[in-house]
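Below are the chains, spelled out letter by letter.
Protein chains: 2
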Amino acid sequence: MKPRAARLTETSLIEAVRRRAIGGEGIRVGIGDDGAVLEPTAGATLIATTDLLVEDIHFRRRYAEPADIGWKSLAVNLSDVAAMGGRPRWALIALACPAATTMEEVEAFYGGLLALGAEHGVALVGGDTSSSPAGWFVNVTVLGETTGAPRRRSGARPGDVVAVTGTLGRAAAGLAVLDRPKAPAGVPADTLADVTTAHLRPRPRVAEGQWLGAAEGVTAMIDLSDGLATDLTHVAQESGVGARVTVDRLPVAESTRAVARALGGDALAWATGGGEDYELLLTCGPGAFARLSESLERATGARLTPIGEIEAGRAVAFVDARGRARPAAPGWEHFVTGRRRG
Amino acid sequence: MKPRAARLTETSLIEAVRRRAIGGEGIRVGIGDDGAVLEPTAGATLIATTDLLVEDIHFRRRYAEPADIGWKSLAVNLSDVAAMGGRPRWALIALACPAATTMEEVEAFYGGLLALGAEHGVALVGGDTSSSPAGWFVNVTVLGETTGAPRRRSGARPGDVVAVTGTLGRAAAGLAVLDRPKAPAGVPADTLADVTTAHLRPRPRVAEGQWLGAAEGVTAMIDLSDGLATDLTHVAQESGVGARVTVDRLPVAESTRAVARALGGDALAWATGGGEDYELLLTCGPGAFARLSESLERATGARLTPIGEIEAGRAVAFVDARGRARPAAPGWEHFVTGRRRG
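Chains A and B are the protein sequences, given in the same order. Residues in the first sequence are numbered from 134 upward in steps of one, following this note's numbering. Residues in the second sequence are numbered from 134 upward in steps of one, following this note's numbering.
Simulated from the structure, these hints should not be mistaken for lab results. Some hints here could point you the wrong way.
Some but not every residue of chain A turned toward chain B, in silico, with C-beta under 7 Å [claimed, not checked]:
{"id": "1", "residue": "Ile164"}
{"id": "2", "residue": "Asp167"}
{"id": "3", "residue": "Glu172"}
{"id": "4", "residue": "Pro173"}
{"id": "5", "residue": "Tyr196"}
{"id": "6", "residue": "Met217"}
{"id": "7", "residue": "Arg285"}
Just so it is clear, the structure is predicted and the values come from calculations on it, not from any experiment. Note that CB positions come from ideal geometry on N, CA and C, so glycine has one too.
Given only the sequences and the hints, what does the whole structure look like? Please build it.
Okay, structure coming up:
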């Protein structure tokens with residue numbers, strides 16, 4: 134029998150979190166004091182990242198369950214640490230939710246978050262809670278470490294290969310499905326589940342990020358949160374270079390293409406501008422790509438696809454196989470278009 | 134001439150933050166990559182704390198200017214680090230505000246926050262921004278360090294003196310003034326400013342916390358965010374002890390008493406239950422108090438007032454000078470009473 138929804142109090146919330154918080158190495162003081170006290174690895178540098186998820190901006194409660202919100206709010210931060218080549222270790226969670234939220238929903242939120250944390254050995258060490266006059270607001274801060282040099286956005290050089298892990302556009306296909314009042318007809322359930330899960334419960338490339346962080350030859354790295362067009366532009370700007378991507382080479386899953394056909398959507402637009410895939414984009418010297426790609430797949434199972442080249446200049450161009458310019462879907466500009474960003 | 138309010142975009146927000154971020158020691162990568170890369174002090178332990186401030190829960194825009202919100206959102210976290218005896222070093226800021234917010238308001242928010250950060254050598258190293266469908270939501274994470282043993286809530290022992298820095302109830306008096314449509318008649322402007330400033334721009338006890346963190350004889354420490362009754366109960370529960378506070382000994386500023394007289398308020402209720410004073414409460418052996426008190430005042434200028442004793446048992450009692458029980462104002466329970474908490 135499920136417990137009945139209890140009236141939320143801050144004390145009960147903190148107790149619920151404290152009960153569920155998993156232990157972990159390097160924690161001298163966890164939840165329940167004024168601050169967490171953590172023991173960094175000697176000689177390691179610290180990586181710190183924070184991400185905000187806001188109801189009706191980043192997700193809608195109509196399709197995102199509390200457990201999904203918890204999962205994703207941690208996932209987007211793990212992805213940032215991975216993009217720096219770091220090992221995520223500790224998380225702090227701030228949650229504001231409406232006073233009508235039940236304890237079951239709050240427990241489900243932490244359940245989703247802690248399930249992903251447990252997969253990656255990330256412990257919940259602190260947080261804050263508040264009621265919210267509007268919807269859910271979640272802020273997660275993750276602290277990680279690296280003993281090597283962190284991977285920056287700024288190291289790409291003309292001639293470098295641009296490559297991505299996994300496939301692109303799946304999360305955008307998922308959002309296109311979730312945004313509709315009902316599922317599109319004629320698409321198999323497992324295809325729909327593949328894309329909606331990619332949107333609701335992204336799998337950050339934690340192992341891949343650490344592997345690529347330690348590998349020789351990677352010149353720049355970033356995670357794909359805002360979409361390929363925007364995130365590659367970040368790399369180009371920070372590195373002072375341009376880039377050219379051949380859209381026909383973009384890895385797009387068959388599930389994404391099937392959903393695009395069913396909805397009359399544009400799979401390539403999702404792949405270039407959709408965002409929230411939480412894959413890694415990296416650049417490396419042309420001579421290093423084959424070795425990196427083979428070794429990464431052997432070590433982690435992840436596929437690396439070369440999608441373009443870094444060029445001199447400042448332009449970031451998307452072209453088809455014949456070299457004709459293809460306008461990329463615009464990058465995610467948060468306050469202008471106002472729906473989500475991870 | 135002031136710049137005209139610009140339409141907010143996430144890129145312009147990030148640029149604004151990046152321009153204003155102050156440099157600092159131990160920052161290998163600051164704002165502008167997937168995560169900040171920080172260099173911890175060798176041998177130090179890390180202190181991490183996070184606090185959420187929500188419009189219409191923790192503050193109202195009617196009286197809290199963006200610069201106040203920025204200041205306070207950092208102050209409450211610095212106070213937590215101070216309560217652990219740590220030195221605050223780095224801050225990450227997540228800000229969600231309505232799409233109608235102007236760039237001037239956002240700049241003012243960061244201005245207030247960075248002004249306090251500069252006072253304490255705390256650098257802004259990362260963050261996230263979002264539009265908000267409701268009001269302002271601010272989450273700040275502060276990372277600090279200590280080379281000694283962190284101060285816990287759990288070390289109080291029967292016989293210990295309970296003492297607080299500064300005065301109590303001033304922030305609650307300030308809120309009582311700010312919550313009224315107009316200022317009470319007959320109270321001098323500097324008295325009003327004293328209490329409203331205490332509420333809007335609390336001064337965390339950063340130097341005092343570090344001094345007390347390194348001093349011998351302090352057995353437990355906490356900052357007074359939720360109010361004396363609640364925060365002392367936290368110490369008692371974590372330490373497995375009881376406590377007795379003599380309310381006549383509580384340090385209450387003359388400004389607080391004057392505002393209480395003018396508004397028909399209860400200065401002692403503000404001092405015990407009001408919260409948000411961000412003073413430090415500590416316990417120490419009875420033989421250590423005089424030395425600690427004199428040395429702290431010499432080192433930092435802060436006054437330490439003994440207000441009660443730690444006792445065996447579990448009860449936290451508030452009594453008057455004759456030993457009669459005086460019910461303390463109830464502690465701040467966030468989801469039940471629903472207005473603010475720092």
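>> When the structure is checked against the list of hints, which entries are broken? Sort them ascending.
In response: Structure breaks hints 1 and 5.
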